[in-house]
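S.K.: For reference, the chains in residue letters:
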Amino acid sequence: MLDAKPAKPLVTVKDLKMYFPIHTGLFRRHTGDVKAVDGLSFTIFEGETLGLVGESGCGKSTVGRALLRLYELTSGSVTIDGDDIATLSSEELRLKRPAMQMVFQDPQASLNPRMTVAAIIGEPLDEHTDWNAEKKLARVYELMDAVGLNRAFANRYPHAFSGGQRQRIGIARALALNPKFIVCDEPIAALDVSIQAQVVNLLEDLQEKMGLTYLFISHDLSMVRHIADRVAVMYLGRIAELSPREPLYADPLHPYAKALLSAVPDPDPETEGKRQRIILQGDVPSPSNPPKGCNFCTRCPEVIPICREVKPELAEVRPGRFVACHLVTPDNQKAAPGSTGGPEATEHNQQGEPKK
Amino acid sequence: MTDHTIDLKAAKPRNQWWDVWDQFRTHRGALIGMVIFAVIVLGTLLGPFFWDVDPKFINIRARELGPSLAHPLGTDQLGRDMLARVLAGGRITIAVGMTAMLLSLVLGTLVGVLAGYFRRLDGILMRLTDLFLALPLLPLLLLMVMLFREPLVLSFGPEGGIFILIVFAIGVTSWMHAARIVRGDVLALKEREFVLASRSIGTPARRMILRHILPNVMSPIMVSATLGVANAVITESALSFLGLGFPPDFPTWGRLLNDGLPYINLSPERVIWPALALSALVLSINYIGDGLRDALDPRIRGR
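Quick note, the sequences are listed as chains A and B, same order.
So the mapping is simple: the numbering used here equals the position in the first sequence, first residue as 1, plus 2.
So the mapping is simple: the numbering used here equals the position in the second sequence, first residue as 1, plus 128.
The shape of chain B in the complex, shown without the other chains (with noise of 0.2 angstroms):
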C-alpha cells in the first residue's frame, strides 16, 4: 500500500499463467494425474525402444503364457508379448483419443459459440446438431468406413488412411453435446453487463468472443473435452471390435481388451493390464482437467 511497494510491483504486471500454474499446482489430483498422463504418454513413446520386440511377432509355441521375464505381462493365443501390445496399442489410442477429442471439441465449441452469439445462425446450427444426435452412430460409422476407407488408404497408407478416418469419424459424431452445453452458456453470457459494456466500447463481434465469451465458457468445454477422451477411446475399441477399425493384428488398447475378452477365464490379466493403462489415461486427463479448470478460473484462484 506504501509508496515503495507500488513501485516494486506496479513495474510490469505479472504473466497471469504463472498464477494458472500455481494454482494448478496446489490441485493434488491435477498433479499426481499429469504426473500419469507423463508415465503413460512417456511409456508408450520411449518403451519400444527398451523392449524392442515386435507386438506382431507371432509364436504359437509360446501362447498363453503367464508372467515371466521373456514376456512380463505374459503372451495372448497367438504368442505375441502383451508387453510390447500394450505399449504399442497405448501410442495410437492416445494419439485417437486425444485428436478426436480436439476435433470434436473444435467443433462443439464452433457450433456453440456462433449459434449461441449469432442470432441469426442459431436455429439452422442447431437443427443442424439436433439432426446430428438423431443419426444412428453405428450404421453412420459403418457407412464413413465403407466409403472413404479405401481412398484414405490409398492416399495415406493403411496405417495413417485408418487412423484419419477413425478421428473423423468419432469427431464429428460426438461434437454435438458440447455444442448444445457451450450454446446455452452463450445465450447467458451475451446479456451479461460486460458484454454490453464491451460493445459500448465498440469491440467488434470477433474479439468479443475471443476476449469475453471464450474465457467464461472454458469450464463446461474442459468437462466436456475430459469426458471426449474417455468416449473417443471408447468408440475406438467398438469399431476395432466390429473389424471397421485398424487392422486386425494392429494392437489398440480397446482392441487388446476386446481379444482378451473370451480368455478372461483362463488368464484375466490379459483384460487387467489394458483395462488398467485405459482407466489410468481417463483418469488422469479428468484430474487434469479438473485441475486446469479450477487454475483458469480467478475467482477460485487463491484459494
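Chain A with its partners taken away, still in its complex shape (with noise of 0.2 angstroms):
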C-alpha cells in the first residue's frame, strides 16, 4: 500500500488549531472558546486519499474547510503545493485556490438553486480564466461528460436534480479548474446507498485519470475503507490514530479506533456473529471544555492515570502508524494475535464495561 505511492508530500498540516470564540454576558466578553480542531498534524501525498473518520462534532468538517481556509485558522500551518495557506495575503490565496477545491456534503444546498447548472459548473472559469463564453461552454461540456451528466442538462436547474446528480454537479464544479487536491467532505453522507456507490466510483475513476488527491471526510467507516489509503480516526479535535486502511481496520491500536471500528459491521454472516462489539460510556466531553489530559480519557476502556494528566502526542509507533496514546508505545511491538491492541486490552471487549 504505502510503497506503491510516490512519497511527495503534497499537504503538509502542522499543528492545526481551530478555535471559535464564545462570548458571554451583556459585553459579550470573549469567555472560551469551542476547540473544534486542537493541534492536528498530518500529511497528505501526492494521488493518495486520506480517509478522516470520526464521530459527529469531532471536527472532521472543520479540518476539511480549515485546510482551504474557508475558516481563519487559529494557529498552526496549511502547506499545500508548497504554499503556507494559512499566511497567504488574500489575493494570494485566490490565485492559489484553483489548486484546491471542495466537494460538499448537501449537494442541495452547495448549488446556488437560481443559476443554471452550465453556470455553477462555469463558476469557478468565470473567475479564474478570461476565456470566451464558447471556450468556457466547451469545457462545462466537458466537465459534464467526465462526471457522466448529459449535455443536454446544461440549462436546467439544480431542483430538477436528483440527489446523486447534484453531487456530479458539485464534483465537476471541483474539477473545472484542474485541481490537484479535493476535500471530499462527506459528500455521500446525503446520498441512498445505491447512488453513494456510483459517485465513489466516479470520485475513484477521477483519481485514477487526473492524478487528484483527496481528503475523505466521512462516518462511513466502510466506505473509507474502500476508498482510503490511509485512515485518520478523529476524536474530540485531536486525530487518536493515523494508519494505513488494512493495518487500521485490521488491528486497530488507539483504544477509540478500536471501539468505532468495532462498530463496522461484517457482510460475512459467520464473522458477523462473532463481532464484539465494544460500547463506549457516557458522552463525549464538550469541546469548549476538554478534559486535561487524554481526549478520551473520560470514556476510554483501558485508561491508566497517566491519561487523565498528560496530553499524548501522535507519535510513529510501526513503521507508518501513528497513535497518540500512552497505552500503545513504540517498543510495544507484540501485539497479540486475535486481540487488538496491546496487552494491557485483556477486558475491553466486555461490553458495557463500567470504567472509572
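Derived from the structure by calculation, the hints contain no laboratory data.
Take the hints with a grain of salt, since some may be wrong.
To be verified - Listed next, with one range per pair, are the computed distances between beta-carbon atoms:
(1) A:A191 - B:A333: 25 to 35 angstroms
(2) A:Q283 - B:V234: 53 to 63 angstroms
(3) B:F246 - A:S224: 40 to 50 angstroms
(4) B:L275 - A:H32: 44 to 54 angstroms
(5) B:L268 - A:E94: 42 to 52 angstroms
(6) B:F246 - A:N134: 32 to 42 angstroms
(7) B:L404 - A:E93: 56 to 66 angstroms
Model, not experiment: these values are computed from the prediction.
Note that beta-carbon positions come from the ideal geometry of N, C-alpha and C, so glycine has one too.
Dock chain to chain to rebuild the complex, using the hints, since each chain is given by itself in its own frame.
M.R.: Shown next, in the form of C-alpha cells:
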C-alpha cells in the first residue's frame, strides 16, 4: 500500500488549531473557545486518499474547511503544494484557489438554486480564466461528460435533479480548474446507498484519470475502507490514530479506533455473528472544555492514571502508523494475534464495562 | 437523451430571460396587471394630447357639474375639468410613486446587503436603520420641506424642485423595512453551502453578492417594492394635503382625492375616479410584482 505511492507530500498540516470564540454576557466578553480542532498534524501524499473518520462533532468538517482556509485558522500551518495557506494574502490565496477545491456534503444546499447547471459549473472558470463564452461552454460540456451528466441538462436548474446528479454537478464544479487536491466533505452522506457507490466510483475514476489527491471526510467506515489509502481517526478535535487502511481495520491500536471500528458491520454472517462491539459509556465531552489529559480519558475502557494528566502526542509506533495513546508505545510491538491492541487490552471487549 | 437531440439542444444555452418571460405569461393576474398598468401609463402620457383641456383652467360658471359630453367626468368646485385633472395627476403620481419606490428599494437593499454580508458594518448600519425607524415621519418631512424647498425650487424650477424633494423625502424615510428584511435573508443565505462553495472558488465579495446573494433575496425585495409604490403614493397625497407637496392647483391623484373628500356627499364621482385610478395602479403593480417574483424563481418556473 504505502510503497506503491510516490512519497511526495502534497499537503502538510502542522499543529492546526481552529478555535471558535464563545462570547457571553451583556458585553459579549470572550469567555472561552470551542476547540473544534486542537493541534492536528498530518501529511497527505500526492495521489493518495486520506480518509478522515470520527463521530459527529469531532471536528472533521472543520478540518476540511480549515485546510482550504474557509475559516481563519487560530494557529498552525497548512502547506499545500509549497505554499502555506494560512499566511497567504487574500489575493495570493485567490490565485491559489484553483489548486484546491471542495465537494460538499449536501448537494442540495451547495448549489445556488437560481443558477443553471452550466452557470454553476462555469463559475470557477468565470473567476479564474479570461476565456470567451464559447471556450467556457466547451469546458463545461467536457466536465459534464467527465462526471456523467447529459449535456442537454446544461440549461436546467439544480432543483430538477436527483441527489446523485446534484453531487455530480458539485464534483464537476470542483474539477473545473484542474485542482490537485480536493476535500470531499462527506460527499456521500446525503445520498442513498445505491447512489453512494456511483459517486464513490466516480471519485475513484477521476482520481485515476487526473491524479487527484483527496481528503475524504466521512463517518461511513466501510466506505472509507473502500476508498482511502490511509485513514485518520479523529476524536474531539485531535487525531487518535493515523494508519494505512488495512492494518487499521485489521488491528486498530488506539482504544477509540478499536471501539469505532468494532461498530463496522461485517458482510460475512459467520464473522458478523462473532463480532464483539465495544460500547463506550457516556458522552463526548464538550469541545469548549476538553479533559485535561487525553481527550478520550473520560470514556476510555483502558484508562490509566497518566491519561488524565498528560495529553499523549501523536507518535509513530509502527512503520507508517501514528497513534496518540499512552498505552501504545513504539517499543511495544507484541500485539497478541486476534486481540486488538496492546497487552493491557484484555478486558476491553466486555460490553458496557463500567470504567473509572 | 439521444445523441442528435444533444447536438440540437447543446448548441447554446437558451437565454434564461426567455424562461422568465414564459413563466410570467402563465401568471394570469400578472398579465392583466401589466395590461392595466400599460393602459394607465399610456393614458396619462398620451391622454392629454387627445383631451387637450387645460387642467388648471378655472371656469367658475361651470363648477360642480355632473358628467356630460363637455366634461366626461364632471368638474370640480372651481369648474376645472376632472378628466383633464385625472390624466395630468396620474403622470405625476406614477412618477413620484415609481421613483420614490426605486430610491427606497435601492437604499434598503444596499443597507440590508451590506449589513448582512459584512459583519463589521452590521452594527452601525442597523443602528442607523433603527434611528430612521424611530424618527417621527411627518415632522421630519416638514423640516425637510422647509429647509430644502427654496434652494431646490430655485435650481430645478417649481415642479422639478418639488418633485425631487418629495421623491427624496419619501425615499429616505421608507427604506428601513426593506433593509431589515433583506438583512435577515442575507444573514441566512451567507451560511448556505453554495456561498461557501463560491468562497472556496475564490469569488470576491462584490461578485458573491451580485451572483449569489442578490438573486436569492429577490422575493422579499419584490414584495417590498410593490408595497412601496402604494406607500409612496399615499405619503405624497398626505404631503399635498398638508400643503407641503406640489402647489395646490397642481393635480395629483392624492390631492384630487383630498380635494374631493368634502364634496363626497354632493358628487361622489369626484372621489371615485381618482380613487379608482389609484387602486388600479397599486393593484396592477402588486400583481406584476407577484408574477415577476414567481417567474424569477426557477423552482416555481415550469409548474
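S.K.: Does the structure break any of the earlier hints, and which numbers would those be?
M.R.: none
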